[in-house]
Every structure is written in C-alpha cells, then in structure tokens.
Amino acid sequence: MEDKVLAAREIGIEPPPEWLGQSDRNFVFLIWQHSADYPVIRSVAELVLSADTKIVDAVCKEFILQGIFEAKVADDTKKMSDERAARQAREIKRAAYAAAAVTLDAEGRMLLLSERDVVIEIWRKTTGPRVKAAAETAIDGDAAAQHEFLVSGVTAAAKDDLDDAIAAAAKESLEAAERLKRRGEMLDAAALIGMIPDEGKLAMTDDNFIRWIYNLVDADPDKVEVRAAALAALRSSDPADWREFIDNGMEVANKKDTLRVRLEGEAADRASALKIKNDAAANGKDNLVTAATHALLGDKPDVISHFLLTGRNQVAPDSDNRPSAMSWQWRNLNSDKCLATEAGSLASGAVLVQADCAETDKQRWIAMRVYNSAPAKYRIINAQDRAKCVGLETDTAANGTKFTIATCKNAEDEFFTYTKVGDNYVWKNILAGRAITVLNASKVTGAHTITYDVNNGTNQQWYPTNTRLLPGQELGEAKVLRSLAGHSARLQSDGNFVISKGPKAVWDSATTNGVRLINQRDGNLVLRRADGLAVWASGTHTKGPSTLQMQDDGHVVLYDDSDGSVTWNSNIWDISYVSDMNDKCITVPGTTFGSSLQLEMQPCDGRIQQQFMSHEGILSFNNQCIDVKGGGLAPNGTIVQTWTCNNGPAQKFVLQGDGTLKNPASGKCIDIPNSNSNNGAKLVIWTCSTGSNQKWHKAYF
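In full-length UniProt numbering, the protein residues as written are 1 to 701.
In case anyone wonders, no lab produced these hints; they're calculated from the structure. Take the hints with a grain of salt, since some may be wrong.
Computed cross-link-like contacts, SDA-like style, restricted to lysine to any residue with a CA-CA straight-line distance of at most 20 Å [to be verified]:
1) Lys652 to Ile639
2) Lys402 to Tyr418
3) Lys402 to Leu431
4) Lys159 to Lys171
5) Lys61 to Val5
6) Lys159 to Ala143
For each label pair, taking beta carbons as the anchor points, the in silico distance ranges come out as [unchecked claim]:
7) Thr137 to Asp453: 44 to 54 Å
8) Asp453 to Gln33: 51 to 61 Å
9) Asp218 to Asp385: 22 to 32 Å
10) Gly659 to Ala343: 42 to 52 Å
11) Ala530 to Ser692: 17 to 27 Å
12) Arg607 to Ala343: 24 to 34 Å
13) Ser23 to Ala358: 30 to 40 Å
Keep in mind the model is a prediction, meaning the values are calculated, not measured. Even glycine gets a Cβ: it sits at the ideal position worked out from N, Cα and C.
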C-alpha cells in the first residue's frame, strides 16, 4: 500500500483509500487517467496496461515499484521511445476497432487493453461474421497471431464481409450493390486512421471526404504519406483520381507510413536500450549491462521492446551473483587451471575446457542469478561479449556430456545451482543434474569439461579468483586475487587482508575481523566487518571509481579509472638483479623453487625465477630466500643458494651505493667467479671489490 502512495505522489496526488484498495492493474489505470500533465508517465502507463495478459499484472507491479519513478526523470531518448511506442500501439488498436466497426468507449479504456483483450473485444462486439471468425482464430493463437490480426487480419476479414454483403446485394439490385461498395470503401479508408465516419461523412462527395481525411492527418507525424497522397488527390480535378485514392491510394500510403513508423520505433527502442546499457555501465549496474547486451543481440525488435517494458526491471541485483558482482576466473582445485573455451573461441558450440590462466575476459565468467528464482539458479555467462552462456552440447542427462558455450537463450540447459566445499564451488547443471567436471581429473591444458555425478572431487571444485577488483566488486565469498606469476592477495578466514608471494606473506592490513573487502565506487578500498563497520581503508574516497589491480610483479595498486593515476599501493613488488658486467640476471635454476639450489646467471627475460621481493631478505617463490650456505663467517667461494626463509643473518643482503650486494654477517659480496660471462655461471660470495663481476642494479621486467 505504501508503494501505491509513493507512486501516486509522483503525479501530485495523495491517493484516497478507494485508490489504495484497487488491484495493481486498476491502480495503474487511475494513474493513466490522472496523468495528463505528465506525458511520459502517461505513455509508460499506457504501455504497461497494454502488456500481454500473461504478464500484465507483474508489469503493473513493476511500474508501481519502479517504472513511474524512472518515467518522471526519463531522458529525451527514453521519452521519445516511450511516447512513440505508446502512440504506435494505440493507433494499431484504434484502426483495428474501426475496421471491425467497433465504437470506442468514451474514456478510452479499450485502447489500453492488451492485444489479446482487444481481439476478444472485437470478437464480442463486431457484427461481421468473417471478422468474428478471424478474431476467434486469433484468440486461440499466440501473441504473434493476435498482433497480426490487429495489424492486417481484421482489415482483410472486414473486406471479406463487405464482399459477401455486396454479392448478396447484387442479387437484388446492382445499384444497391454499387452503393454498398462505395460505402464500404469509404469505411475501409477511414478505418486506416482509426475513424468510423458517421452517415454525414459517408454522404460526402469523394473530394470532400478526402478533405475530411486530410484535415485529420494534417498534423499527424505518423501519417505523412497519407497526407501527401490525399493532397495529391485533391490537387487533381479528375473524380477518377479521388476514387482511386479512396479505393487504393490511401491504403498504399498507409502501408508506407506503417513501415516507416515501425522502423523508426525499432530504431528508437534500440537507441533507448543502448542508452540503458551505457548508463548501467557508468553507474556500475553490471547485471543490467548484461541483460541489455542480450536484448540488443541480433535484429529482434520484439525482444528489445520486451526488455524496455519489463526485462530491465527483472534483473537480479549484482550482489545476488556468485561469488559477487561482475566477472571472475574459475580455477579448478585439482589442476589450478582456469575455466576457458577451446582455443579461446567465443563461437557458439565452442567446447568448455581448462586452460592456463591468462589475463583476458575470455576466461572470466559472470555467475548471474536468474531474476526472482527460488531456489536460486544461475547462468554462467562469458564476460568478453556477455552474450554466450555455458550449456550442454546435447540436451541429455547422461554422464560424459560436454559443456559448450552458445548464445544465451534462457533454456534449462543454461541453468545451474551450486554447493560449496569449503571456499570452493561445485556447479551442477539443472537439466543434467550433474556437475561441471574436468575429464579424468586431468591436469593438462585443454582437458574437456563434462557432466558427471556430483561427488565433490577436486576436479569438480572451482574457486573464484581474479587479477583485479572493478568498482563495486568485492572479496567476500571470493577470497583471492592472484597474479599470473603466482602472487596472491587474500582475505583470510581470520579477517586479515594479506598479500603473499607464494606462501610467504609480505604485507597485511593487520586486522582480525574483516569479512568483505569492497572496492567502493567512491574510490575507497574498505575492509568491513560482518556488521558493516570499516576496520581498514585505503583512505582514497572521492578518488574513484577506481580499479584494484594485482600486477604480475605482485604489486597491488589502486588506479583511478579517469586518468590512470595511482591512488593507493602496497609498496612492495618484484624486481630483478642485473649484472653490470654482462646484463644478465640472477636466476633460480629449474622450476621447483626448492632449497639448496645454487643461484646462477641467465639472460634476462622476466621469468619468475628472476623475480625477487625485498622482505625480510631477498624473497623468491615457495618461501625460498637468497642465502649464504652455512651462514656466519663463510669463506670466499661459499655458494649463494635458495633456502627456506628464516630472517637470519645469512639471508640479509644490502645493495650498496657502489652497486655491490653485501651480506653484512660475512662482510662479503655476491660474486660471479672469474668474471665468467657464460650462461649458467654459478654465484658465490667473495671479498668485496670494485670489479664489475660484483656490481648489480635493479630492473623491472
């Protein structure tokens, strides 16, 4: 009831009790009756009341809750679109009533009926047998059949009724048949513009009848072709030209007008939907962006029209998505590879596989909740074009069916539910009743995903990660940002936000009870407790919207989206140590990042074995630090190796002003023995000198 009070106040009315007791549909009719001073609201109310019978109650509810307020502040594009759509729908109905010789009610409510209800009204009130039969057929058909009846079927049936009447009259008198034919042609012509001429109009001479038509359409922007044809006929002094206009010319001109108005309306609807999409993107309404993208696919004016009327109000809030708003990568717990399509294809039919994670929206997915679904169900939509949904290769419930992507069609094979195993998701296809599963628990790039009985195996468990947080996105159910090199920014279960290189924490928020890290649209990065209280923040409000990026070097940076400037950063990142002697980099050999690996020199190429972070020593991956073997007062020639980080003296190195990397505990420097320039030259410590084989500089790759 409060919703109706607020809606009525939008047109300056304090609704009396009898208004509030009305059904939603009747309440919207009252709004329509009393909104003459609010033309956009009136147009939208007219469209709402004209909705299909199956959805009109839901559409009226949405209008009361939201639509009337949007109409009040509508921009020019939407105003024109709504007004044109309402006018077009009204004129189709008006012309159909006139063709069936059904008189409109004084208050105009008959023009606000759904198309099916208009057909029923014609069926009830027409006296033409052919019209009644055609209406009955349309009533039993679908919405397309009912629309076709109103646009052209009723006119054709009315002409058949006229032909029957003429044929019957001809048996009595050819003169009577001719009079009836002329009368019928004038009625048909007037019906094209939704008019039923009285006997006085039907008694006019042809030229005066055309003048009456001309005066009716002279100021009508939807009847420019009819106006032009009428004017051309009136400029002729030949009665045959007048009769030709009434018999045929007006119908031809009206078809041109109808086509033009339809195309203009479709273009206006597309522009309005595109405006909604762009505004949604600017305002961070990501699900609405996706819904608008679906509506704009292909050349489907009816889909766009439905989106504008109802679909845009039937979009789940972004917060209902999983793990949260916007797009995420889904990593498989067994393989640590990401959900992707074969060869990155976005073509319909592309097979869903696991692949090495990459920085691309082709590997990001929107787990978008289906509006008002209970229990909740989701569609998994590709973030690159927002048009492709994950579904089944074939509609079967059998194990072993491949998952593919295809243009979203709102079909059962696109719907999923989930269960959680710890922080991981198991996605179950509703049609198949089986989980997205990596075939044979493979860890190989390119392995297919198939349907399989839910068993919560690691090859069925997926966890959401990302390299970024967009404005409005958060770490909550999703716990981790991960760089492609293996760094992570994780919201721990203890409420601490921690940045790590491998398993080694290098930065934290020093909090204990945070549950949601939110990249707010005002530019502030905020960690909040369960009750919403902030426990840590970047202090960058008013500097947004911004994007939080986990960079490949492990640096976590908040960038202002407007100019790319840095508003906050973790102030710790990877660097490489380059020899002044040969421009080669200190490198951890192999790929295991184990202990006791002697460091060596290799050409600099940015590989992760050449990336080090200064934190309680010089940190590599797998919690391994650069270390002097044996520690203490190690002699010249002692190898420089990897060892589990322990913050001990053997792992302390200082880049001196002269370029040497000195271990204070031994008093010696990292050295390339004998100035060996070959790839693979092993590193040791040696008495510090001025030689270039002990000189280093930092670089960023």
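To see whether the hints hold, each was checked on the structure:
1. Lys652 to Ile639: holds, 15 Å
2. Lys402 to Tyr418: Holds. Lys402 to Tyr418 sits at ~18 Å (cutoff 20 Å).
3. Lys402 to Leu431: Answer holds: Lys402 to Leu431 is near 13 Å, not above 20 Å.
4. Lys159 to Lys171: Distance of about 19 Å is within 20 Å: holds.
5. Lys61 to Val5: Status holds; Cα separation ~13 Å.
6. Lys159 to Ala143: Since the Cα atoms of Lys159 and Ala143 sit roughly 23 Å apart, the hinted pair is violated (cutoff 20 Å).
7. Thr137 to Asp453: 44 to 54 Å: With a Cβ separation near 49 Å, Thr137 and Asp453 satisfy 44 to 54 Å, so the hint holds.
8. Asp453 to Gln33: 51 to 61 Å: holds, 59 Å
9. Asp218 to Asp385: 22 to 32 Å: violated, 48 Å
10. Gly659 to Ala343: 42 to 52 Å: Holds: the Cβ-Cβ distance is about 47 Å, inside 42 to 52 Å.
11. Ala530 to Ser692: 17 to 27 Å: violated, 58 Å
12. Arg607 to Ala343: 24 to 34 Å: holds, 25 Å
13. Ser23 to Ala358: 30 to 40 Å: Check failed, 54 Å falls outside 30 to 40 Å.
Consistency with the previously given hints fails for numbers 6, 9, 11 and 13, ordered from lowest to highest.
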